[in-house]
Amino acid sequence: MTHEMAVTPTSRAASLRDLRRDPKNGIVAGVCEGIGKRLDIDPLLLRIVFGATALASGLGIAAYLLAWWLLPVEGAETAPVSAVQQRSARNKRAVLEVGFGVGFLVVAILLTFREIGLPFSDALTWPLVLVAAGGALIWRQSVGRPGSAAPAAPSAVVSSSAIAPLLIEDSVGESGPAVISRIGIGVTLVVASALVFLQFTGALAAASDVALAALVVAIALVVIFAPFFVRLLTSLSIERAERIRSQERAEVAAHLHDSVLQTLALMQKRADDPREVAALARRQERELRTWLSGAPARADGERWLAAALQAAADEIEQAHGVAIDVVAVGDAPLDRDGEALVAAAREAMLNAAKFAGGADPVAVYAEVGGERMEVYVRDRGPGFDPAAVPADRRGVRESIVGRMERHGGRAAIHATPGSGGTEVELVLERGEAP
Amino acid sequence: MRRAREIDRTSLVAGLVLVAFGVVLLLDRSGALRLTFGTMAPMAFAAVGAILLATGLGRRE
Chain A
1 MTHEMAVTPT
11 SRAASLRDLR
21 RDPKNGIVAG
31 VCEGIGKRLD
41 IDPLLLRIVF
51 GATALASGLG
61 IAAYLLAWWL
71 LPVEGAETAP
81 VSAVQQRSAR
91 NKRAVLEVGF
101 GVGFLVVAIL
111 LTFREIGLPF
121 SDALTWPLVL
131 VAAGGALIWR
141 QSVGRPGSAA
151 PAAPSAVVSS
161 SAIAPLLIED
171 SVGESGPAVI
181 SRIGIGVTLV
191 VASALVFLQF
201 TGALAAASDV
211 ALAALVVAIA
221 LVVIFAPFFV
231 RLLTSLSIER
241 AERIRSQERA
251 EVAAHLHDSV
261 LQTLALMQKR
271 ADDPREVAAL
281 ARRQERELRT
291 WLSGAPARAD
301 GERWLAAALQ
311 AAADEIEQAH
321 GVAIDVVAVG
331 DAPLDRDGEA
341 LVAAAREAML
351 NAAKFAGGAD
361 PVAVYAEVGG
371 ERMEVYVRDR
381 GPGFDPAAVP
391 ADRRGVRESI
401 VGRMERHGGR
411 AAIHATPGSG
421 GTEVELVLER
431 GEAP
Chain B
1001 MRRAREIDRT
1011 SLVAGLVLVA
1021 FGVVLLLDRS
1031 GALRLTFGTM
1041 APMAFAAVGA
1051 ILLATGLGRR
1061 E
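From first to last, the protein sequence lines stand for chains A and B.
Going by this note's numbering, the residue at position 50 of the first sequence is 50; the numbering climbs one at a time, nothing skipped.
Going by this note's numbering, the residue at position 25 of the second sequence is 1025; the numbering climbs one at a time, nothing skipped.
Pulled out of the complex, with its shape left as it was, chain B reads as follows:
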């Protein structure tokens, strides 16, 4: 019986970031939130930063 694969931290963080983006875009679409460049820019930076950080820390042995 094969053992379960370890969780790929980069994939996990990237997936969560995508889900969060989807939720925010949905809220914007439904009118509950009003997205502007001022609100999107920090989100984009945070998404890229989180993925890079997860990737870099994931390379540690």
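Isolated chain A, as found in the complex:
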């Protein structure tokens, strides 16, 4: 017989951030279909509203286009992608939105000036629009976000070292060519705005003579100094590559000394305890795999789900000598609710380690999706009857079920007394998609 203790999830009202469009089932871009599905409204009604407002004043068309632009596609965020990929995609979208937003605002201001009769003309309007959009792109790319540099894996550092000096590294780990092309678009827009302004004011013809002279001098300077410049770039590139290799070698040596050699020494001392030796080897293997895979160390002090679960598993494994395998699909930073999820999972792991015996490893599986985080803790112990747990034993009732309930999640315990093992299911709905 399977016993379940379940807690109803706290319902959360759909906010603007929860809205999605559903192009697969929609007619044009799936805006009405997606909004209707989320708000539980017949999409046909929304189509009628959009159509009527479009025919009456054209406002419906603008609103539909705006929703098309702003609403993410249904299901696009459920695919497990790394945090760096999510951040990169979000950054690309944000750059476009900021650029277009500034451009639209400048157009609005200039059209207002024109409407109230200030002496502005197209000679100033369109160059300013281009300058605003180009400047926004360059500004956003140049300022970046402090403290968000993603440390690269050792192999990535070495492989990129040869071309690193010629690339501008983005603060969120985007590739150099992408950053250069974005800055290039910004610079092109600013230069184009200057040319448009000169053309409108008639100064371009006069400026062309000066530009020609400057071009000739520039070509002469390039011919003279190009070999020196190329040699300087090459030597800088080689020097930087050697410096990176040297730092990398020192880092590998330090890591080997601090972790692998220390563990090997400890294993020699504990050679008479096979269980302890196995636990040490497992912990070292996990640490090495994490290091080699280049999982980013969260330098900003933010705790993430996978690392927090792994840390809890390590701690319990060390204290109780029971192997705990942690598998995480996707990852997310932890807020207060996420910390509660980890604490509940830790309690479940602790119970499994205490009561399930150490014959088989405890399995922890975590999955992070766009809408929820789920953690399952399974063991192959003798199982128990949750209903038969005494009232004064608060481990399961308060530390797992109660804790999840207080933080808007739910916990279910599937246990079969005898030999069926126990599975603790923890689900936390996410208020905001990443």
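Since the hints were made in silico from the structure, they are not lab data.
Treat the numbers as computed from the prediction; the structure is a model and nothing was measured.
Even glycine gets a Cβ: it sits at the ideal position worked out from N, Cα and C.
Treat the hints with care, as some may be off.
[Claimed, not checked] So the derived list for chain B, only partly shown, Cβ under 8 Å to chain A, looks like this: (1) V1017; (2) A1020; (3) G1022; (4) V1023; (5) L1026; (6) R1029; (7) S1030; (8) G1038; (9) T1039; (10) A1041; (11) A1044; (12) F1045; (13) G1049; (14) A1050; (15) L1052; (16) G1056.
[What the hints assert, rightly or not] Per label pair, the in silico range of CB-to-CB distance: (17) B/A1020 / A/V49: 56 to 64 Å; (18) A/E429 / B/A1020: 56 to 64 Å; (19) B/D1008 / A/E115: 48 to 56 Å; (20) B/F1037 / A/L232: 28 to 36 Å; (21) A/L215 / B/A1020: 22 to 30 Å.
[Unchecked claim] Residues of chain B placed beyond 10 Å of chain A at every Cβ, according to the derived structure: (22) V1024; (23) G1031; (24) A1032; (25) V1048; (26) I1051; (27) L1057.
Use these hints to put chain B onto chain A, whose structure you have.
Relative to chain A, chain B alone:
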């Protein structure tokens, strides 16, 4: 006790823009303001620009 949700900047700006549009349309209806394409166009551009800017800045971490 659950903590209060953070303010969604995009929703806030979009709401304020809609309110502003409503006020302007009301003024036009009451005769206090005379809306033409020349006055509506900058407002539409400003509304879209403000929402896009708020959305883009809201994506920053």
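We went through each hint and held it up to the structure:
Contact between B/V1017 and chain A, as hinted, is not supported at the beta carbon level, the nearest pair being about 10 Å apart and thus beyond 8 Å. Using the Cβ-Cβ criterion of 8 Å, the hint placing B/A1020 at the interface with chain A is not satisfied: the shortest such distance is roughly 13 Å. At its closest, the beta carbon of B/G1022 sits 12 Å from a beta carbon of chain A; the interface hint therefore is violated under the 8 Å criterion. Given hint, B/V1023 at the interface with chain A, is violated; its Cβ is 15 Å from that chain's nearest Cβ, farther than 8 Å.
The restraint placing B/L1026 at the interface with chain A is violated, with a minimum CB-CB distance near 15 Å, outside the 8 Å limit. At its closest, the beta carbon of B/R1029 sits 13 Å from a beta carbon of chain A; the interface hint therefore is violated under the 8 Å criterion. Because the beta carbon of B/S1030 sits about 18 Å from the nearest beta carbon in chain A, more than 8 Å, this interface hint is broken. Interface hint status for B/G1038: upheld, as the beta-carbon distance to the closest one in chain A is roughly 5 Å, under 8 Å.
At a threshold of 8 Å, the smallest CB-CB gap from B/T1039 to chain A is about 6 Å, leaving the interface hint in force. The interface hint given for B/A1041 is met, as the beta carbon of that residue sits about 6 Å from the closest beta carbon of chain A, less than 8 Å. With its C-beta approaching chain A no nearer than about 7 Å, B/A1044 sits inside the 8 Å limit, and its interface hint holds. At about 4 Å, the closest approach between the beta carbon of B/F1045 and any beta carbon in chain A falls short of 8 Å, and the interface hint on this residue holds.
Taken as an interface hint, B/G1049 checks out: its beta carbon lies about 3 Å from the nearest beta carbon of chain A, inside 8 Å. For the restraint placing B/A1050 at the interface with chain A, the shortest Cβ-Cβ distance is roughly 7 Å, inside the 8 Å limit, so the hint holds. Against a cut-off of 8 Å between C-beta atoms, the interface hint on B/L1052 holds, since the closest Cβ of chain A lies about 3 Å away. Because the closest C-beta pair between B/G1056 and chain A is about 3 Å apart, less than 8 Å, the hint holds.
For the pair B/A1020 and A/V49, the beta carbons lie near 21 Å from each other, so the given range of 56 to 64 Å is not met. For A/E429 and B/A1020, the Cβ-Cβ distance of about 34 Å falls outside the hinted range of 56 to 64 Å, so the restraint is violated. For B/D1008 paired with A/E115, a C-beta distance near 33 Å fails the hint of 48 to 56 Å. Checking the proposed 28 to 36 Å range against B/F1037 and A/L232 shows it is violated: the Cβ atoms sit about 58 Å from each other.
Checking the proposed 22 to 30 Å range against A/L215 and B/A1020 shows it is violated: the Cβ atoms sit about 50 Å from each other. The non-interface label for B/V1024 is consistent with chain A: the shortest C-beta to C-beta separation is roughly 12 Å, beyond 10 Å. No beta-carbon of chain A is positioned within 10 Å of the beta-carbon of B/G1031; the least distance is around 18 Å. Every CB of chain A lies more than 10 Å from the CB of B/A1032, the least distance being 17 Å, so the non-interface label holds.
Taking the minimum C-beta to C-beta distance to chain A, about 5 Å, the non-interface status of B/V1048 is violated against the 10 Å cut. For B/I1051, the non-interface assignment is contradicted: its Cβ lies about 7 Å from the closest Cβ of chain A, within the 10 Å cut-off. A Cβ of chain A approaches the Cβ of B/L1057 within 10 Å, the least distance being about 7 Å, so the stated non-interface status is violated.
When held up to the earlier numbered hints, the structure conflicts with 1, 2, 3, 4, 5, 6, 7, 17, 18, 19, 20, 21, 25, 26 and 27 and fits the remainder.
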